[in-house]
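Protein chains in written order, with the numbering used here: chain X, 1 to 501; chain H, 1001 to 1119.
Note that these hints are calculated values from the structure, not bench results.
One should not assume that every hint holds.
Said to hold, decoys possible - Now the in silico label distances, taken between C-beta atoms and shown as ranges:
no.: 1; chain 1: X; residue 1: F67; chain 2: H; residue 2: V1004; range: 25 to 35 Å
no.: 2; chain 1: H; residue 1: F1085; chain 2: X; residue 2: L203; range: 26 to 36 Å
no.: 3; chain 1: H; residue 1: C1015; chain 2: X; residue 2: K423; range: 39 to 49 Å
no.: 4; chain 1: H; residue 1: D1108; chain 2: X; residue 2: R26; range: 41 to 51 Å
no.: 5; chain 1: H; residue 1: D1108; chain 2: X; residue 2: A492; range: 47 to 57 Å
no.: 6; chain 1: H; residue 1: V1011; chain 2: X; residue 2: G100; range: 45 to 55 Å
no.: 7; chain 1: X; residue 1: G54; chain 2: H; residue 2: L1078; range: 32 to 42 Å
no.: 8; chain 1: H; residue 1: P1054; chain 2: X; residue 2: P199; range: 29 to 39 Å
no.: 9; chain 1: H; residue 1: V1004; chain 2: X; residue 2: V51; range: 28 to 38 Å
no.: 10; chain 1: H; residue 1: I1096; chain 2: X; residue 2: L399; range: 46 to 56 Å
no.: 11; chain 1: X; residue 1: L10; chain 2: H; residue 2: L1092; range: 26 to 36 Å
no.: 12; chain 1: H; residue 1: F1085; chain 2: X; residue 2: W276; range: 32 to 42 Å
no.: 13; chain 1: H; residue 1: L1007; chain 2: X; residue 2: W30; range: 50 to 60 Å
no.: 14; chain 1: X; residue 1: A17; chain 2: H; residue 2: I1081; range: 19 to 29 Å
Said to hold, decoys possible - Okay, derived cross-link-like pairs now, EDC-like style, lysine to aspartate or glutamate, Cα gap no bigger than 20 Å in a straight line:
no.: 15; chain 1: X; residue 1: K396; chain 2: X; residue 2: E272
no.: 16; chain 1: X; residue 1: K153; chain 2: H; residue 2: E1114
no.: 17; chain 1: X; residue 1: K431; chain 2: X; residue 2: D354
no.: 18; chain 1: X; residue 1: K396; chain 2: X; residue 2: E482
no.: 19; chain 1: X; residue 1: K160; chain 2: H; residue 2: E1114
no.: 20; chain 1: X; residue 1: K160; chain 2: H; residue 2: E1051
no.: 21; chain 1: X; residue 1: K423; chain 2: X; residue 2: E482
no.: 22; chain 1: X; residue 1: K431; chain 2: X; residue 2: E272
no.: 23; chain 1: X; residue 1: K153; chain 2: X; residue 2: D354
no.: 24; chain 1: X; residue 1: K153; chain 2: H; residue 2: D1108
no.: 25; chain 1: X; residue 1: K153; chain 2: X; residue 2: E272
no.: 26; chain 1: X; residue 1: K423; chain 2: X; residue 2: D294
Where a beta carbon is used, it is the ideal one built from N, C-alpha and C, also for glycine.
The lines below spell out each chain.
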Amino acid sequence: MSWTLALPILVPFCAAAAAFLLRNRRGSGWISVLGAVASVVLAIRLLLAVVENGVIATQMSAWDAPFGITLAADYLSAAMVLITAIISLGVSVWAMAEVGQISTRMGWHGLFQTLIGGVTGAFLTGDLFNLYVWFEVLLISSFGLLVIGGQRKAVDGAVKYVTLNLISTVLFLCAAGLTYGATGTLNMADLHAAVAAHPDQGLMTVIAMMFMFGFGLKAAVFPLFFWLPASYHTPHYAVSAVFAGLLTKVGVYALMRVFTLIFVGDQGYTHEILLWVACLTMLSGVLGAAAQSDFRKILSFHIVSQIGYMVLGLALMTPLALMGGVFYLLHHIIVKANLFLIAGVSRRLTGSSDLYAIGGLYRSAPLLGVLFLIPAFSLAGFPPLSGFWAKYVLVKASLDLGAWLVAFVALLTGLLTIFSMTKIWAEAFWKPHPDGRQPALSTIPPRQRLLLLSPVIALALMTVVIGLFPQPFVDFATVAAEQLLDPSAYIATVLPAGEAP
Amino acid sequence: METVLALLSGVLTACAVWLMLSGNLLRFLFGLLLLSNGVNLAIFAAGRLTEGAPPLLGSGGTLPGHEMANSLPQALLLTAIVIGFGLFAFALGLTIRAYRAFGHLNVDRMRLAEPEDDK
Chain X
1 MSWTLALPIL
11 VPFCAAAAAF
21 LLRNRRGSGW
31 ISVLGAVASV
41 VLAIRLLLAV
51 VENGVIATQM
61 SAWDAPFGIT
71 LAADYLSAAM
81 VLITAIISLG
91 VSVWAMAEVG
101 QISTRMGWHG
111 LFQTLIGGVT
121 GAFLTGDLFN
131 LYVWFEVLLI
141 SSFGLLVIGG
151 QRKAVDGAVK
161 YVTLNLISTV
171 LFLCAAGLTY
181 GATGTLNMAD
191 LHAAVAAHPD
201 QGLMTVIAMM
211 FMFGFGLKAA
221 VFPLFFWLPA
231 SYHTPHYAVS
241 AVFAGLLTKV
251 GVYALMRVFT
261 LIFVGDQGYT
271 HEILLWVACL
281 TMLSGVLGAA
291 AQSDFRKILS
301 FHIVSQIGYM
311 VLGLALMTPL
321 ALMGGVFYLL
331 HHIIVKANLF
341 LIAGVSRRLT
351 GSSDLYAIGG
361 LYRSAPLLGV
371 LFLIPAFSLA
381 GFPPLSGFWA
391 KYVLVKASLD
401 LGAWLVAFVA
411 LLTGLLTIFS
421 MTKIWAEAFW
431 KPHPDGRQPA
441 LSTIPPRQRL
451 LLLSPVIALA
461 LMTVVIGLFP
471 QPFVDFATVA
481 AEQLLDPSAY
491 IATVLPAGEA
501 P
Chain H
1001 METVLALLSG
1011 VLTACAVWLM
1021 LSGNLLRFLF
1031 GLLLLSNGVN
1041 LAIFAAGRLT
1051 EGAPPLLGSG
1061 GTLPGHEMAN
1071 SLPQALLLTA
1081 IVIGFGLFAF
1091 ALGLTIRAYR
1101 AFGHLNVDRM
1111 RLAEPEDDK
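Next comes chain X alone, as it looks inside the complex (with noise of 0.2 Å):
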């Protein structure tokens, strides 16, 4: 067994048990902060073996594949394992400035890294019940940290949230089960041929569907999204950054392995539902949120819009789509995980994330200003920032397609999310406070402004980086999209040598 697949799994929960128990104690958030400082250090030990070898894949418990729980990474798995840690290390920095004693001694650290974990875990099992397992450990933690700090409208959020997600979760349950009876095997390397050998392909369609409807959940995709703009803006602003960062993309990621490596079979029919699934999510999400006026619920509905185009790289199925599906996947975590945190801190600055009631952000507080303009300028996909070259991508590739009802609903979407991004840049920033308050970042006190606002430098100019030299990231993710669109190498390295597939 290898460990390199295996630590980053383990380490967040043992950070998590950590700073559980010792959660009483004065700073105990630093273990969070240490355990996501290891889960970098792991994750880009895991990157560098994934780069040397292609796929890498371990047996627990040394039970050969298709019969032990696989853990496995290629490219697309090692580069969201090292983008989990870094959100994970940014937010809990973050957090530490923001998350109260009450929060703190209730567990709030332990639950993060408990949501650290299950997320990992997600990215790199390779085998079906694993994932429903790890979906759960991510999905019990992420209702913890929704209604620690107990607000009523918590509490509103988490009862949308918690209900639909079980609903999701039993659906998948559901088609893992009916998986299992049809083929005799959860092995996702395994399955690859055992669905295709399957007698009954309509019977494989209903069971891609069931899967399409559970992960499409997760995902927040249209018309399955509502649970998302209902609780997001509800909860601590750290937990909504993490949420925002991570959870859905689990959900798409879980889309993309899936309809990658096992349900390919009737392409005409699952991935034309999730091309009309991807232009409705990217329409109606943005115009959600051009219809909002909280800080929060606009960067929730553009969640949903921005979702869109992840999925409409998959549907494409085309190494170029793909290529782009990806490459948003890993940008958009980044730059949204960075808005929730940006938010956050104008909330603290101003008092209020309702656009109406607060303003003067740029005159007393430019650099936060700035920093808010990186994400928000690539999440509308400027040029030259990360979000450009994602959006780009995805519209060439609708575009060698003859899609072009696809490539203007794309293009429309970019538009109508400048709308929303000048909306919050007009209301929060540019007009004056309507109490008249100078809401200057020196009004935070240093420690706390260090804490608050490194984090949120470090993931823009990430974005910068992205936007300015993409070559490295479009080449990483050209690769991840050839290993999924030709899992050959990902089955060969899971499944034990000399058994026929």
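Following the hints, complete the assembly by docking chain H onto the known chain X.
Just chain H, lined up with the frame of chain X:
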């Protein structure tokens, strides 16, 4: 036997959907409980049913001559039941918290996070 289980699973799901659409949070949870049990039965039935054939090896590790039950679906079920129990316990706790916060369990009237006159 499969037919009986399939019908039972269908009845459970139908009841679950009816309960979940009622708009009351507690009924929704009971519906969810029925739904997850319906799904559990479906998985159980999909894993092939064998009567009185436990998957045990004979003396010295020899394979028994007859067909054995497949223990994997049962292991999956146990995991799913345990996880479902934990999630349900949390959801029930949340329901109590919601009742204390709002004084009712009508989901349509829980509009605190999304006020109706939202502009």
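- Are there hints from earlier that the structure breaks, and if so, what are their numbers? When the structure is compared with the hints, numbers 9, 20, 21, 22 and 25 turn out to be violated.
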